[in-house]
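Q: Sequence:
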Amino acid sequence: MILMYDLENQRNQNLIEDREEYEKLEKDNLNKELEEFENGYLEMSLKTCLTARNSIS
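Positions in the sequence shown are counted from 1; adding 19 to them yields the numbering used here.
Keep in mind that the hints were calculated from the coordinates and are not lab data. Be aware that a few hints might be false.
Quick list of the computed label-pair ranges, beta carbon to beta carbon [claimed, not checked]:
#1 A71 - I35: 35 to 45 Å
#2 K46 - L22: 29 to 39 Å
#3 L69 - L44: 31 to 41 Å
#4 E42 - A71: 39 to 49 Å
For clarity, every value in this text was computed on a predicted model and none was experimentally measured. Glycine included, every Cβ here is placed at the ideal spot set by N, Cα and C.
Whole structure, please, built from the sequences with the hints as guidance.
A: This is the structure in structure tokens:
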């Protein structure tokens with residue numbers, strides 16, 4: 020009976036660790052996507068400003 024209890028505890032611990040790893044990877048991916056979006060937005064803004072400046076000149 021104790022062995023079954025230990026196995027169930029180990030299984031639960033593995034599930035918790037898997038979930039924590041999944042959440043970390045999900046957070047890392049979201050941070051990467053946000054960084055890529057911000058970089059793209061800044062690049063588009065810079066191009067827009069340069070185009071506007073060149074149009075005025």
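Q: If a hint holds in the structure, say so; if it doesn't, say that too.
A: To see whether the hints hold, each was checked on the structure:
{"no.": "1", "hint": "A71 - I35: 35 to 45 Å", "verdict": "53 Å, violated"}
{"no.": "2", "hint": "K46 - L22: 29 to 39 Å", "verdict": "36 Å, holds"}
{"no.": "3", "hint": "L69 - L44: 31 to 41 Å", "verdict": "37 Å, holds"}
{"no.": "4", "hint": "E42 - A71: 39 to 49 Å", "verdict": "43 Å, holds"}
Of the numbered hints listed earlier, the single one contradicted by the structure is hint 1.
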